[in-house]
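*Asks:* Sequence:
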Amino acid sequence: MRLTSHETGTRGKNTYSFDEFVLRRENLDWYGDDPFLQQAVRKYTGAQFEEVHEKIQAFSPRVSSKWNQLAERNARPEARPYMLHYDAFNHRIDRIVRPLEVHQLESEVFGEGLFSSKMPPWESFVKRMLTHQIGEGGVTCPLTCTHGLIALLDQFPNHEIPELQEILLHTKEGLNGEFAIGAQFMSEIQGGSDLPANLLEAVPEGKYYRLYGNKFFCSLPTLIIQW
Numbered sequence: 011m012r013l014t015s016h017e018t019g020t021r022g023k024n025t026y027s028f029d030e031f032v033l034r035r036e037n038l039d040w041y042g043d044d045p046f047l048q049q050a051v052r053k054y055t056g057a058q059f060e061e062v063h064e065k066i067q068a069f070s071p072r073v074s075s076k077w078n079q080l081a082e083r084n085a086r087p088e089a090r091p092y093m094l095h096y097d098a099f100n101h102r103i104d105r106i107v108r109p110l111e112v113h114q115l116e117s118e119v120f121g122e123g124l125f126s127s128k129m130p131p132w133e134s135f136v137k138r139m140l141t142h143q144i145g146e147g148g149v150t151c152p153l154t155c156t157h158g159l160i161a162l163l164d165q166f167p168n169h170e171i172p173e174l175q176e177i178l179l180h181t182k183e184g185l186n187g188e189f190a191i192g193a194q195f196m197s198e199i200q201g202g203s204d205l206p207a208n209l210l211e212a213v214p215e216g217k218y219y220r221l222y223g224n225k226f227f228c229s230l231p232t233l234i235i236q237w
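Take the sequence shown: its position 26, counting from 1, is numbered 36 in this note's numbering, and each next residue is one higher.
Do not rely on the hints blindly, as some may be mistaken.
To be verified - PhoX-like cross-link-like pairs, simulated, lysine-lysine; straight-line CA separation at most 20 angstroms:
1) K53 to K65
2) K76 to K65
3) K23 to K65
I should point out that these hints are in silico values taken from the structure, not numbers from a laboratory.
Construct the complete structure from the given sequences, taking the supplied hints into account.
*Replies:* Below, the structure is given as structure tokens:
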């Protein structure tokens, strides 16, 4: 007796799927579902744990879901920034155009006031660590550069230049609800992120300095403040 298969599936079809993994990943709370991270926070925050833990619990779902989704959209090739040289009337404008998701992500991340004196250091640290897990979503490099700028201004204050205090206030506490973003100029030709390998000459010009060097690219071309 000969048996005939009634299966309608395509022979050789690959039934392997990432769907289950993707579903679990999309519903993962990067802090709430990570007991190791929570234990580490408990160990290092000491008496501040309950306060920091509560703040991170409220913060984590946003970075784990909404911000992560925005970062994934930003990472698509068609969403890459580009240079718009002319407007609709053929006027030269040379404007950098970024997708709406980058602007939204940047506004929300910096709007958290992660470097504010009102935020406990450990709360800031854990929030920034979680934010860095979204990868290159257009905000992690600006966060790092802004952090460096704030540290520099805190370490070397100059009261003879009031603009520096304004910059420090703008980056740390924000002005009118807007937080300034810092950037740094460097050259991949000279060494890229190996900053000591970069050659730069600062020539005084009034109360400012004119910088001379082989600038190959800016780490953040949409910056508000550079250093």
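*Asks:* A separate judgement is required for each hint: does it hold in the structure or not?
*Replies:* Tested hints:
1. K53 to K65: Judged against 20 angstroms, a Cα distance of about 16 angstroms means the pair holds.
2. K76 to K65: holds, 17 angstroms
3. K23 to K65: Distance of about 48 angstroms is beyond 20 angstroms: violated.
This entry does not satisfy hint 3, going by the numbered hints stated previously; all others are met.
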